[in-house]
Amino acid sequence: MFRYFNDIFSGLWSLFVGMGITFQEFFKPKITVHYPHESIKMTARYRGHIELIPGEDGQPLCVVCGMCEKACPSNCISIGGEKPEGSKKKVLTSYRLDFTTCSLCGSCVDSCNFGAVRFSREYNLASTRKEDYHYDLLKRLEESKQ
Amino acid sequence: MSEPIVLQPDETFILNVGPQHPATHGVLRVKMTMDGEFIYNAETVIGYIHRMHEKMAENRTYAQYMPNLSRLDYLSAMAYCHGYVLAVEKAASIEVPERAEYIRAITVEMNRISSHLVWFGAFVMDLGGFSPLMYAFDDREQILDLLEAVTGSRLTYCYFRFGGLYNDVDDDFIEGTRRFIKRMRKSLKMYHKLVTTNVILMKRLIGIGPVSVDLCQRYGATGPVARGSGINYDVRRNEPYSVYPEFDFDIPVYNEGDSFARYKVRMEEMEQSLRIIEQGLDKLPDGPVNPEKKPKTIKLPAGDYYTAVEAGRGSFGIRIVSDGDKSPYRLKLRSPTYSNMHLFDEACRGMLIADALAFMGSLDLVIPEMDR
Amino acid sequence: MIIETVKDKLRDLFPAAAEPAVTEHQAEKPETAEAEIGVFDCSYAKRGYHLDVRLAPDQLLSAVGILFDHGFFIESITGVDWIKDGQLEAVYDFCRYDFDLCRIVVRTRTPRANPILPTITGIYSGASWHERETHDFFGIVFEGHPHLIPLLLPEDADFHPLLKDFKA
Amino acid sequence: MSLTLLNVLAAVIIAIAFVAANAAYLVWAERKGAGFIQRRPGPTENGPWGLLQPPVDGIKLMTKQLLIPGGVDKIIFVIAPVLAMFPSIVSFVTIPFSDTIVAHNINIGLLMIFVFGSMSAMALLMGGWSSRNKYSMISSVRAVSQAVAYEIPMLITAITVVMIAGSLDLMEIVHKQSGGFWHWNIWPFQKGLFNILMPASFLIFFICSLAETNRAPFDLGEAESELVAGYHTEYSSMGFGLFFMGEYANIVIGACLTTILFLGGWDCPFGLLPGVWWFIVKIYILIFTFIWIRWTFPRTTIYSLLNLSWKVLIPISLFNLLLTAGLLKVF
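Chains as they are written, first to last, in this note's numbering: chain A, 1 to 146; chain B, 1 to 372; chain C, 1 to 168; chain D, 1 to 331.
Worth flagging that the hints you see were computed from the coordinates, not collected in a lab.
A quick note: this is a predicted structure, and the numbers were derived from the prediction, not measured.
Virtual Cβ for every residue (Gly too), placed ideally from N, Cα, C.
Take every hint as true, because none was put in to throw you off.
Covered stretches of chain B (chain D as the covering partner; in silico rule of three or more C-beta atoms under 8 angstroms from a C-beta of chain D): (1) 17-23; (2) 130-136; (3) 200-212.
Use the sequences and the hints to build the structure in full.
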């Protein structure tokens with residue numbers, strides 16, 4: 001009999017304790033970010049899709065060695081380069097990233113010995129078409145210069 | 001529900017729980033043969049998001065396979081990466097700087113807390129309480145923010161490298177983590193007051209879904225499921241790896257074997273993880289996080305290697321069979337939920353559907369990890 | 001030490017002639033067609049397990065029975081396709097819950113053309129899914145398995161993707 | 001005669017408007033309340049503080065296609081949502097909001113509300129049964145056993161109050177409690193009799209009205225993590241909308257009844273200025289408690305719910321009934 005009432009009262013008490021906690025939470029300030037109206041700044045190490053780093057002359061630092069292409073687990077990078085007449089170094093002619101298959105692992109950035117690629121801070125990416133994610137990073141670099 | 005229930009096999013109907021059902025957290029399907037609200041028999045159907053990670057391994061180099069590990073268990077990705085890098089390092093005899101090992105342990109434990117927090121929220125939501133999920137996610141956000149600042153990613157970290165780390169932690173991280181430990185201790189107290197001692201929750205969990213030691217042994221259950229059944233088994237203790245022997249922490253074990261025991265094990269594990277992180281931050285040595293000389297391409301000597309680590313849900317094992325090439329000959333991932341879920345079929349017989357779903361929640365399922 | 005007890009028990013399975021040397025075996029040549037049979041000690045630090053048990057399919061059940069009696073739990077079952085040898089290997093991992101750490105790997109080989117192994121679901125119920133998975137991936141038929149239908153692959157799958165000659 | 005009919009008709013229309021407005025804005029209040037408890041703002045986008053959310057939701061629901069799945073029992077399937085809404089509207093006719101604001105006071109008003117209140121379980125049964133869905137069927141069976149289990153303690157506690165007031169007339173019950181909060185039925189000292197169980201009675205009545213309205217932690221019929229959506233799994237468009245509004249209308253009824261029976265209706269706690277505003281304040285405090293409870297607790301199971309009813313609520317309420325009867329006889 002004692003246990004019966006004890007169960008009822010302790011049970012009821014635990015319910016009141018719980019209600020007390022949610023009541024306190026009710027008056028605490030809100031913690032959510034109201035997204036389209038405000039947004040959080042990305043951290044310095046945020047891994048967006050990759051982009052080319054411009055050198056001092058504005059040209060990409062890439063020497064078309066193809067290490068990133070090889071390192072990529074999902075084969076989403078394809079680069080092209082050619083050796084202009086009279087030049088010793090190869091020049092990058094195209095750097096295509098298929099972002100639909102990229103898993104943002106960073107192998108390409110790791111593997112680059114020339115510091116030519118980095119992560120961008122892009123995170124507001126949305127589209128209904130697959131083709132929108134086939135990036136031409138060289139074009140992107142030129143656009144960013146303007 | 002102590003007395004056994006006699007079920008009438010000729011008056012049953014089949015209830016398809018899943019693949020899309022609010023309680024299955026992903027695409028798990030359980031074909032339940034029901035007698036009224038009682039489960040007569042259950043057959044779990046998995047494989048809806050099977051991606052054949054093991055075949056992928058055979059076509060990639062060891063380094064290229066790294067991102068796959070984060071995609072097994074998206075909630076505690078760090079521990080799976082840890083298992084993989086440990087396996088490869090062991091086989092290829094790569095030395096790891098001490099600082100890197102400490103940072104690995106710290107981040108893995110933080111990830112374990114975040115994984116348990118998701119489980120906590122989702123589990124209470126399975127039981128019908130919605131607010132604890134939001135509080136848990138609030139705390140989890142703090143962890144994710146800290147980890148994002150270090151690794152650059154919130155979920156699929158891909159932070160470890162063979163022999164070291166992707167990059168070093170900074171003072172902000174250490175300070176932020178200390179702040180977080182204080183905050184988390186307070187929140188855990190709040191969870192205990194709000195949820196653990198709640199009479200409705202106790203009524204729903206105590207005595208529900210008993211898992212015996214024998215059942216664990218036959219199905220190979222590990223992690224909190226085994227520890228809730230009185231089995232003192234934690235890979236961090238039984239087979240110490242990394243720098244875990246340096247830490248002073250307890251393995252919570254409960255003998256009841258019911259859902260509430262599993263619940264308490266996980267709640268206490270969070271506290272123990274906080275202790276590990278705290279000690280790790282205190283002991284964190286200076287030095288590099290990557291070895292000075294790293295082999296360019298990793299090739300393992302022929303043979304087969306087995307490594308187990310304690311992931312958020314139990315013992316995660318990885319078996320690499322190498323033939324000396326730069327990609328594995330065969331790579332087997334032993335995921336803990338796979339074994340833990342398997343015992344559901346046998347254990348849930350005779351349960352009410354509401355209890356069975358609470359039981360399923362207490363097993364802490366992550367479907368991508370199970371399906372691999 | 002449990003490891004000694006189990007080792008002795010397992011050695012009893014093998015006829016005296018096949019009793020191997022106690023020395024560590026050379027795992028660097030596992031591709032040999034004549035895979036040795038016996039119980040081998042392994043370096044835990046290097047391999048991650050203590051005992052490597054290689055046996056013929058008909059010895060499997062009794063070996064697994066011994067392990068069950070000694071309180072081992074099943075970690076996983078998997079296969080390896082040794083295409084050069086024309087054999088499929090099934091690998092069973094066992095471990096113990098207590099601090100008397102002992103990891104045991106049981107391997108057995110079956111011809112690739114007609115891979116049949118006995119099921120161990122009678123001893124370890126949890127082997128059911130592992131065997132179904134191995135059947136999915138390698139096509140090894142576990143005789144006596146109560147419900148050998150595809151688990152991870154689609155229900156109408158008739159291919160075995162982890163075979164080395166599988167082409168998608 | 002015709003005047004009375006007109007009166008009732010007007011009352012019904014006003015009741016419908018009141019119920020609909022309440023139901024719509026209670027959804028908003030619930031979402032806001034849930035948001036605040038969970039430390040987020042709740043609906044904010046439509047209008048100031050998201051106040052335009054309910055009408056927008058209503059338009060959305062009404063423009064959706066009304067799906068009737070193949071194989072359902074069509075007539076019952078269509079009637080069920082209407083039946084879920086109808087009793088609460090009718091119940092409003094007899095609820096006195098103040099001395100003067102009452103559509104049609106019936107001298108057995110309490111009985112009438114209970115009669116119509118028990119019909120809502122019928123609606124759930126019909127909706128669940130006709131849906132041809134296993135989840136819905138389990139849910140409807142649950143809903144009925146729950147309703148049966150909880151109507152008994154609710155009625156017994158109501159009878160206790162009726163004995164104290166000596167009338168089934170809701171007006172009369174409120175009048176008996178007038179003159180300050182210490183006269184309310186929730187307190188143990190009523191008219192010289194010291195009935196210590198009256199606060200417990202209030203609690204029992206409140207719990208029962210939670211269970212009667214299928215609110216968390218007793219929302220077993222809906223139980224979204226077990227039974228998907230329970231009895232309204234197969235309903236779309238306004239069919240679902242009516243079930244949804246019916247739930248909130250029932251909450252309002254439950255709060256009104258609790259206020260009238262235990263909290264002195266439209267009486268001011270300090271004996272000043274009695275009026276409809278006090279009634280409104282009281283019911284909204286109760287409704288807030290409903291919402292607050294929902295977002296705090298996990299759900300019970302069917303057997304612990306029935307255990308609670310048969311092993312705790314019914315014995316205590318029965319004991320209270322006997323005690324009250326004895327005390328009334330003695331004093």
